[in-house]
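Using the sequences plus the hints, can you model the full thing?
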Amino acid sequence: MNYEIFLNEILSFWESIERFRQEYNVESAEINPDEIFAQVRDKSLGREVIFE
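Under my numbering, think of the first position of the sequence shown as 97, with each following residue one higher.
Please note: incorrect hints may appear among the correct ones.
[Stated by the list, open to error] Now the in silico label distances, taken between C-beta atoms and shown as ranges:
(1) GLN118 to ILE146: 47 to 55 Å
(2) GLU144 to ASN104: 45 to 53 Å
(3) GLY142 to ASN121: 36 to 44 Å
(4) ILE132 to GLU111: 22 to 30 Å
(5) SER108 to PHE133: 20 to 28 Å
(6) ILE127 to ILE106: 28 to 36 Å
(7) ARG143 to LEU103: 40 to 48 Å
(8) GLU119 to GLY142: 35 to 43 Å
(9) PHE109 to ASP138: 24 to 32 Å
(10) VAL122 to ILE146: 42 to 50 Å
(11) ALA125 to PHE147: 41 to 49 Å
(12) GLU105 to LYS139: 39 to 47 Å
These are computed hints drawn from the structure, not numbers from a lab.
Think of the CB as a built atom: it goes at the ideal place given N, C-alpha and C, for glycine as much as any other residue.
The structure is reproduced here in structure tokens:
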């Protein structure tokens, strides 16, 4: 699929994701999201909130 096709269409966010997945077949890449995103999330408690 080339760029010109996308210029004439307005897709929702979800439709864009679905098209990307079909085009690049992400599932067959054998990418383990647990390995990739393991260190991404900050697991600290965060800052203190004071309710007045």
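Original post:
Which numbered hints does this structure break?
Top reply: none
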